[in-house]
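Visitor: Each chain is listed here by its residues.
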Amino acid sequence: MKLRLALTLSTALVASPLAAQEVLNIYNWSDYIAEDTIEKFEAETGIEVNYDVYDSNEVLEAKMLAGNSGYDLVVPTSDFFQRQNAAGVYQPLDKSKLPNLVNMDADLMKAAAAYDPDNAHSVIYMWGTTAIGYNVAKVTEALGEDAPVDSWALIFEPENMQKLADCGVSFLDAPTEMLPPAIKYLGGDPETTDPAEFEKAADLLLSVRPYVRYFHSSQYINDLANGDICVAVGFSGDVFIAQARAEEADNGVEIAYTIPEEGALSWYDLLAIPADAPNPDAAHKFINFVMDPQITADITNYVWYANANEASMPLVDEEIKSDPGIFPTPSAKENLWSAVPYDSRLDRTITRLWTTVKTGQ
Amino acid sequence: MSRRWIVIAIPMLWLGIFFLLPFIEVARISLVDPAIARPPYTPLFEDGAFMGDLENYAFLLSDSLYINSYLSSIRIAAVSTVLALLVGYPMAYAIARAPEPRRTILLFLVILPFWTSFLLRVYAWIGLLKGNGVINNVLLWMGVIDEPLVMLQTDFAVYVGIVYTYLPFMILPLYATLVKLDESLMEASADLGASRASTFLRITLPLSLPGVVAGCMLVFIPAIGEYVIPALLGGPDTLMIGRVLWDEYFRNRDWPVASAVAIAMLLLIVLPILWMQKMQERA
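Chains as they are written, first to last, in the numbering used here: chain A, 1 to 361; chain B, 1001 to 1283.
Quick caveat, the hints were computed from the structure, so don't treat them as lab data. Any given hint could be a false lead.
[What the hints assert, rightly or not] Footprint (simulated), chain B over chain A, 3 or more residues, beta carbon under 8 Å:
(1) 65-75
(2) 212-219
[Said to hold, decoys possible] Okay, the calculated bits of chain B under chain A, using three or more residues with CB under 8 Å as the criterion:
(3) 1028-1037
(4) 1130-1138
(5) 1230-1237
(6) 1252-1262
Even glycine gets a Cβ: it sits at the ideal position worked out from N, Cα and C.
Make a model of the complete structure from these sequences and hints.
Guide: Quick look at the structure:
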């Protein structure tokens, strides 16, 4: 048995220089890259890419904390990144291998440095907001012409939710996305770490909970597009994907994305290389490749998420560049808040509150 | 002697590697504290000193969530098992009584769904049950209902999913006992003036009890720990221990408490199994 294994290993070792096929294992969010990005990278570098996807930071985090995930490049969201980085999950970037860093927007990279001092371990992939996507016709039908679509009141007032329940409302299954807007709506600071504020927010969510169809972090994309639900709290780009799918299907569904006037969560998804990545060299090549203005513009034009690549902006479609839901106006930008990492005690409190919200238990 | 030893050793080795070792590992993690590290928990031995305690288990008792989700899992699994038995028994009976060429085809049809991934089949139910899904559209078209029925994201959908998925595990052991039934016993019962109903209740059913118990165990046990079906078909208030485990592990990244939940669940599931095994021995 042992002998057989040794033989297989040695043949593999002998064979690999002949095959000479370098492999890069990427783990990214679902629906989060242009259709031809991987193809172009493979053609340019000759590196073979294995591309896997996830739909929640929690799944990525469990793999990162367990270690030996086999991935060379992952895309955690800023607050999750910060905690994982503290656990020593990521390796510092070799910036000499990343000449395209000059293309990046200095202000946004500075903002992201709040999570990663000196941007030592990460580069912004895309950034966006978490707010409300809705079916224009159905919401107007339920709440009239002056439906409060520019306010969190749309989903936090039971009387509105009651009228929307029939056409379907979905919430993200993520307490860190759902509770801070509720805190803000109640007049508090969405970046608070006071458990009492979270309890009040959970009470507010419980009051509208009977009218929520489901809690899920990706299913709403299809359901919004098909008209199965009419309001979803969702990630900006995902709502735009739903919008595009509805347009493609030509099913008469019109989807809009709104950042309420109370503000919304803004987040950065960061390209980072795990400390135990098998092929960090190829990962650096990919990061540099993505920072090419044309490649980043292609991705933004496809996924409708804002990028942080200043040089790509002339190549981004006018329709996307001028959409305040994607690139918020300066005044809307002032109301955006960011995710603060919580200590494990607050994490547990929040998860427990979230279970209460979801199950009534 | 040595040959018998090998026959026992293989399953023992299998259990040792794939059950006992992971179990010990999980039990070890359940005794320590979470930490921001990789892996995200503290070591069990530090400088030769034992650092573990039962705090995580005490925590499970301090919050009613855990006991409620365990009870709710048992309830959902039990209801699903009864439904699967009610659906599966007539099917197994009909297959066992069918003439030979047809019987093979029918049995084959029971096993056929296994050729498609379990996950895909559960996803197919989403398409059937959802608001503008197949069932609602047919009913609307026929004029039976005016408004789409809300079936997805309810307990109903969870029962449908579990019964559908585990039905073959109910049918196969039932079929195995029913097909061996001696027909002359039923003829004798009829000759002695028993109606078909009382023949069934007094002859067929008691003789098929081992199959009933085996089928129920094969459905009930995996259904308790089911995660995928309630996650995809269930509503937010479908509380099952599998989901609680997911939350502890992924959301709280509290591997020690998650491990304690897993160990407690394993021990608590062993009790119903032992009870059922006893039933089976008696039957």
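Visitor: Now tell me, hint by hint, if it's right for this structure.
Guide: Against the structure, the hints come out as follows:
1. 65-75: With 3 residues closer than 8 Å to chain B, the stretch 65-75 of chain A meets the three-residue bar; holds.
2. 212-219: holds (count 4)
3. 1028-1037: holds (count 3)
4. 1130-1138: Contact hint for the stretch 1130-1138 of chain B vs chain A: holds, 3 residues under 8 Å.
5. 1230-1237: holds (count 3)
6. 1252-1262: Per the Cβ count (3), the hint holds.
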